[in-house]
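**Student:** Spelled out from the first residue to the last, the chains are:
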Amino acid sequence: MSKLFRLMWIGMVLGMLVLAACAPAPTPAPTAAPPTAAPKPTEAPKPAETKKLVLGFTASQTGAQQVASKKQIEGLQLWLDDVKTQGGIKTKSGVIYMPEMKFYDDESKTDRVQALYTKLILEDKVDFLLSPYSSTLVKAAAVVSEQNDKVMITAGAADDATMEQGFKKTFQLYTPASRYLTGAADALKKFVPSAKKVAIIYEKDSFSTSVANALQPYAKSIGFEVVLFEGYDTGSTDFAPFINKIVATNPDAILGGGHFADGTTFAKQLFEKKVPVPFVSLLVAPPEPTFKDIGDAAVGIIGPSQWEPQVTYSADSAKAANMAYYGPNNKAFVDAYVAKYKEAPSYHSAGGYAQGLVLQKAIEDADGVDPAKIVAALDKFNLMTFYGVIKFSTDAKTHGKQDAHTMVYMQWQKDSAGKLVTQIVWPLEAKSADPVLRK
Amino acid sequence: MNIEALIASTFDGLMLGFVFGLMAMGLTLIFGVMKVINLGHGPFIVMGMFAVLVMNQNFGINPYLGLVVVILLGLATGIVVYFVSLHRVINSPELTTLLATFAVNMMLIGALTIVFSTSPRGLDISLGSLQFGKVTILGTRVMAVAIAIAVTIALYFFLYRTRQGKSIRAVANNRGAAELMGINSTWMLALSFGIGTMLAMISGALLATMFSFTVLSGGGLETKSFVIVVLGGLGNPTGALFGGIIIGLLESMTTIFMPVSWVPVLEFVVFILILLVRPNGIFGAR
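Residue numbers (the working numbering), protein chains in the order written: chain B, 587 to 1025; chain V, 40 to 325.
Hints may contain errors.
[What the hints assert, rightly or not] Straight-line alpha carbon distances no greater than 30 Å define the calculated DSSO-like cross-link-like pairs of lysine-lysine that follow:
{"id": "1", "chain 1": "B", "residue 1": "Lys-928", "chain 2": "B", "residue 2": "Lys-1005"}
{"id": "2", "chain 1": "B", "residue 1": "Lys-860", "chain 2": "V", "residue 2": "Lys-173"}
{"id": "3", "chain 1": "B", "residue 1": "Lys-917", "chain 2": "B", "residue 2": "Lys-947"}
{"id": "4", "chain 1": "B", "residue 1": "Lys-678", "chain 2": "B", "residue 2": "Lys-959"}
{"id": "5", "chain 1": "B", "residue 1": "Lys-775", "chain 2": "V", "residue 2": "Lys-173"}
{"id": "6", "chain 1": "B", "residue 1": "Lys-878", "chain 2": "V", "residue 2": "Lys-173"}
{"id": "7", "chain 1": "B", "residue 1": "Lys-878", "chain 2": "B", "residue 2": "Lys-790"}
{"id": "8", "chain 1": "B", "residue 1": "Lys-637", "chain 2": "B", "residue 2": "Lys-926"}
{"id": "9", "chain 1": "B", "residue 1": "Lys-670", "chain 2": "B", "residue 2": "Lys-736"}
{"id": "10", "chain 1": "B", "residue 1": "Lys-688", "chain 2": "B", "residue 2": "Lys-656"}
{"id": "11", "chain 1": "B", "residue 1": "Lys-678", "chain 2": "B", "residue 2": "Lys-917"}
{"id": "12", "chain 1": "B", "residue 1": "Lys-776", "chain 2": "V", "residue 2": "Lys-173"}
{"id": "13", "chain 1": "B", "residue 1": "Lys-736", "chain 2": "B", "residue 2": "Lys-705"}
{"id": "14", "chain 1": "B", "residue 1": "Lys-1025", "chain 2": "V", "residue 2": "Lys-173"}
{"id": "15", "chain 1": "B", "residue 1": "Lys-959", "chain 2": "B", "residue 2": "Lys-977"}
{"id": "16", "chain 1": "B", "residue 1": "Lys-905", "chain 2": "B", "residue 2": "Lys-1017"}
{"id": "17", "chain 1": "B", "residue 1": "Lys-637", "chain 2": "B", "residue 2": "Lys-670"}
{"id": "18", "chain 1": "B", "residue 1": "Lys-1005", "chain 2": "B", "residue 2": "Lys-926"}
{"id": "19", "chain 1": "B", "residue 1": "Lys-783", "chain 2": "V", "residue 2": "Lys-173"}
{"id": "20", "chain 1": "B", "residue 1": "Lys-1000", "chain 2": "V", "residue 2": "Lys-173"}
{"id": "21", "chain 1": "B", "residue 1": "Lys-782", "chain 2": "V", "residue 2": "Lys-173"}
{"id": "22", "chain 1": "B", "residue 1": "Lys-705", "chain 2": "B", "residue 2": "Lys-637"}
{"id": "23", "chain 1": "V", "residue 1": "Lys-173", "chain 2": "B", "residue 2": "Lys-806"}
{"id": "24", "chain 1": "B", "residue 1": "Lys-928", "chain 2": "B", "residue 2": "Lys-947"}
{"id": "25", "chain 1": "B", "residue 1": "Lys-790", "chain 2": "V", "residue 2": "Lys-173"}
Hints in this document: simulated from the structure, not taken from any laboratory.
With these hints in hand, go ahead and build the complete structure from the sequences.
**Tutor:** Written out as structure tokens, the structure reads:
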């Protein structure tokens, strides 16, 4: 074959190759659809992660603080039941925290509190701490809690001094002691306009002394003469000589007291000795439902209360006050408590419930349980609950001290059937009945 | 100084003093007969308190009627405790008997705490009151005084007019000589410990009708009993009664003049002064 013929043959082949490359891609022939496979089932959403949340505390199941402590724990247990019914504490990140309690009997003793809170932190490794009941025990618990850098929500403790130590992670729910009986002095001025003289008597423990020390200058500042200012030892049972001394000063009012046992005994002995003082306001004991066990001796006794079943905190009142509302309404709390425990809640019960509620809100706001974020969330609190307004001080010295919650003043009265019932008598905007004066 | 308050306090102190005296008589009787300082005295007082509480709350028995049971229980308890804890060490040095009664103290407090816990308790009882101006005399206190006087008279009748009482006094005087006279000194010692326990429990029952109490109330009352016993004279039941009245008056009347929390301090100042000035007590030891 000639050279020319070979060249022509190669050119044809190359040309054919170029033409093939440049040709448009042929439209694929419609193919038969593949047989439809059964649709893959939609994947269930990934279940939210549930984590255990252990809340540690001590309860005074025996000893002087048993009555109030039991009520506080009942309130907390009710909160726990409600949270479990709701399916746990839900956060935005999808984690659900299921709280459970871990507690021991502190026998109402300070040294037991110290040992047991150390155990809760170091051995039981609880996530958060709640407080025992009473300022003395909470003071002991707070020291251990702060030393170990744990967040603790306190109820049952109103002592000012405890919350003026620059704590970083301890948060107080109760109105401080310095504001406990100042309202009683105001109420005295209104209810007994002729009153001039008051006797201030108090149990010589941290909380009651704080109340009395704050009350004395306040009473003087609004025009009262403090004719007696005296403390009695913790555990006192015979108040007869002391009452004789009080009567000798001819007061128009007796203010003060201590805790449940001595307050109840004092009220009873005042009645037995027919002390004709028209206005008596005692700490802690009167708001307790079992105070009525002293019978007619309870009539007319006024008590400052952190909360009463008749209070009117609600979503509407929160809206009117331009603040958020959180948690159940007051009626729901009271009804649930009565259904579970077959008796009315006291303010100790409400405080116990509020402990859990506040922690729940903080976890939701912090979107988790990181202690620093919890503290930041609690610092921002300014909201209303069934228990009242809650706002914590962010000042360095008084960090965590309760800034906004206020007391109401209740009084034991007889209803039309002669039964002993409590009524709110002060402040006037919250009252449910007019006061009765003792005879 | 308010005279009415002083008069009211005098009455209150006098009435309470009788019960304190009864309380201390049990302690001084035991010391007088067997030279044993009974550190179990406080828990026995508390046992009397809880005995009337249980009878009243669980069985509806009036506390004053329940005293019959308290008397029998006190006697029986004292005799049993004597044989269990003291009989074998009665001739040992005083420290041994002291430790034995201290052990009884610990065991009783522990047992009572387990059963009753340390929560405050109270009896709901009222016998009305009499009022004279600003002086109010409570019915429960009048009843307590009446019972304390009745028990004191009964005790004296027993010690001075009955064979067993004379035997107890003989053993207290000279155990060896009493045995030579045919007196079973062991049983007389047991009986006297039983009577001492009974007196403590009766006083506890009476105190329960006046004040609230706990399992731990006995500590302070036992200390007060020691002060009264020293004041009145060791081993002198008459001295104990009058010592109790003096302490009752002191507590009530001084409250008018000084802060109430200073009263225990004053009591112990008196205690020290008596030990320094009249170590045998105001009425002398027996």
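**Student:** The structure should be examined with respect to each hint, and the outcome stated for every one.
**Tutor:** Outcome of the hint check:
no.: 1; hint: Lys-928/B - Lys-1005/B; verdict: 18 Å, holds
no.: 2; hint: Lys-860/B - Lys-173/V; verdict: 9 Å, holds
no.: 3; hint: Lys-917/B - Lys-947/B; verdict: 20 Å, holds
no.: 4; hint: Lys-678/B - Lys-959/B; verdict: 14 Å, holds
no.: 5; hint: Lys-775/B - Lys-173/V; verdict: 26 Å, holds
no.: 6; hint: Lys-878/B - Lys-173/V; verdict: 26 Å, holds
no.: 7; hint: Lys-878/B - Lys-790/B; verdict: 25 Å, holds
no.: 8; hint: Lys-637/B - Lys-926/B; verdict: 27 Å, holds
no.: 9; hint: Lys-670/B - Lys-736/B; verdict: 24 Å, holds
no.: 10; hint: Lys-688/B - Lys-656/B; verdict: 15 Å, holds
no.: 11; hint: Lys-678/B - Lys-917/B; verdict: 29 Å, holds
no.: 12; hint: Lys-776/B - Lys-173/V; verdict: 28 Å, holds
no.: 13; hint: Lys-736/B - Lys-705/B; verdict: 13 Å, holds
no.: 14; hint: Lys-1025/B - Lys-173/V; verdict: 14 Å, holds
no.: 15; hint: Lys-959/B - Lys-977/B; verdict: 17 Å, holds
no.: 16; hint: Lys-905/B - Lys-1017/B; verdict: 21 Å, holds
no.: 17; hint: Lys-637/B - Lys-670/B; verdict: 13 Å, holds
no.: 18; hint: Lys-1005/B - Lys-926/B; verdict: 23 Å, holds
no.: 19; hint: Lys-783/B - Lys-173/V; verdict: 18 Å, holds
no.: 20; hint: Lys-1000/B - Lys-173/V; verdict: 27 Å, holds
no.: 21; hint: Lys-782/B - Lys-173/V; verdict: 21 Å, holds
no.: 22; hint: Lys-705/B - Lys-637/B; verdict: 22 Å, holds
no.: 23; hint: Lys-173/V - Lys-806/B; verdict: 28 Å, holds
no.: 24; hint: Lys-928/B - Lys-947/B; verdict: 28 Å, holds
no.: 25; hint: Lys-790/B - Lys-173/V; verdict: 27 Å, holds
In terms of the numbered hints stated before, the structure departs from none.
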